[in-house]
Every structure is written in structure tokens, then in C-alpha cells.
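**Student:** Sequence:
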Amino acid sequence: VRTGADEKVASDEALLMLRRGNERFVAGVPTAGTISDAMREALVEHNQAPHSAILGCADSRVPVDTIFDATPGELFVLRNAGNTCTHAEGSILGSLEFCT
81 VRTGADEKVA SDEALLMLRR GNERFVAGVP TAGTISDAMR EALVEHNQAP
131 HSAILGCADS RVPVDTIFDA TPGELFVLRN AGNTCTHAEG SILGSLEFCT
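So the number in my numbering is just where the residue sits in the sequence shown, counting from 1, plus 80.
Incorrect hints may appear among the rest.
Stated by the list, open to error - Have a look at the derived ranges for each label pair, beta carbon to beta carbon:
(1) LEU173 to ASP117: 30 to 36 Å
(2) ASP92 to LEU176: 16 to 22 Å
(3) ARG159 to GLU103: 21 to 27 Å
(4) GLU177 to GLY113: 18 to 24 Å
(5) LYS88 to ALA161: 17 to 23 Å
(6) ARG99 to LEU176: 19 to 25 Å
(7) THR111 to ALA161: 19 to 25 Å
(8) ARG120 to LEU173: 27 to 33 Å
These are calculated hints, taken from the structure and not from any lab test.
C-beta: ideal position from N, C-alpha, C; glycine also.
Please build the complete structure, drawing on both the sequences and the hints.
**Tutor:** Pasting the structure below:
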């Protein structure tokens, strides 16, 4: 689990983390596993600190956290139909800004 108590992750390291997670998923050897009470409590106490923000399709057949073998707090996932990203008030951009 990744919280606000963790150090920031450089973009090249974050991309490597996504690639490695996807390789584990493809190989059928995920490590994310079950989330414990201690992990949930850490997120409550220290907040989230995702290393990556991902804009993905709303298609339920592609669970982003699963295909990148991520635990809570690692990814900030935004899903919508058509992957549009407009400047309109209340758009998905506001949610992306919340992530940072």
C-alpha cells in the first residue's frame, strides 16, 4: 500500500513499476493480494500517494488496478466512456488535479 508517508516516485520509476506489475499480471503471478486492516488504516492515517494517474476506459472488463497488480494508494484511476478529457466544469480534469 502506498501512502502520503512514502517518498515521491520519479516518473521513470513509476513507469517501471507499472510495467513490472503488468508483467506479473500477464505471467499469472500477482503480488497485490489481500488488503489487510493495517493497510487500510495506513491509508486513513496517511492518505493516498499514488505514483501514477491513469485515464482509462469505463469498460468493466479491464480493471486497471488488477492489470497493473497494484495495491490501494498506488494508482489514481479515472474511468470514463470514450476517454474524453474536456475543459468543461466538473470534467475529469478536476479529478486528475485532485490526485496531485
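**Student:** With respect to the beta-carbon atoms only, verify the hint that ASP92 and LEU176 lie 16 to 22 Å apart.
**Tutor:** Roughly 20 Å apart at Cβ, these two residues keep to the hinted range, so it holds.
**Student:** Does the Cβ-Cβ separation between ARG99 and LEU176 fall within 19 to 25 Å?
**Tutor:** 22 Å Cβ-Cβ, so the 19 to 25 Å window holds.
**Student:** Can you tell me whether the CB distance of LEU173 to ASP117 sits inside 30 to 36 Å?
**Tutor:** The hinted range 30 to 36 Å holds for LEU173 and ASP117, with Cβ atoms some 34 Å apart.
**Student:** Can you let me know if the beta-carbon spacing of ARG159 and GLU103 is within 21 to 27 Å?
**Tutor:** holds (23 Å)
**Student:** Between GLU177 and GLY113, does the C-beta distance stay in 18 to 24 Å?
**Tutor:** Check failed, 31 Å falls outside 18 to 24 Å.
**Student:** Cβ-Cβ distance between THR111 and ALA161: within 19 to 25 Å?
**Tutor:** Violated, since THR111 and ALA161 (Cβ atoms, about 31 Å apart) do not stay within the stated range.
**Student:** If you check the beta carbons of LYS88 and ALA161, does the distance land in 17 to 23 Å?
**Tutor:** violated (32 Å)
**Student:** A range of 27 to 33 Å was offered for this pair. Does it hold for the Cβ distance of ARG120 and LEU173?
**Tutor:** holds (29 Å)
Going down the numbered hints, you'll see the structure goes against 4, 5, 7, while the others check out.
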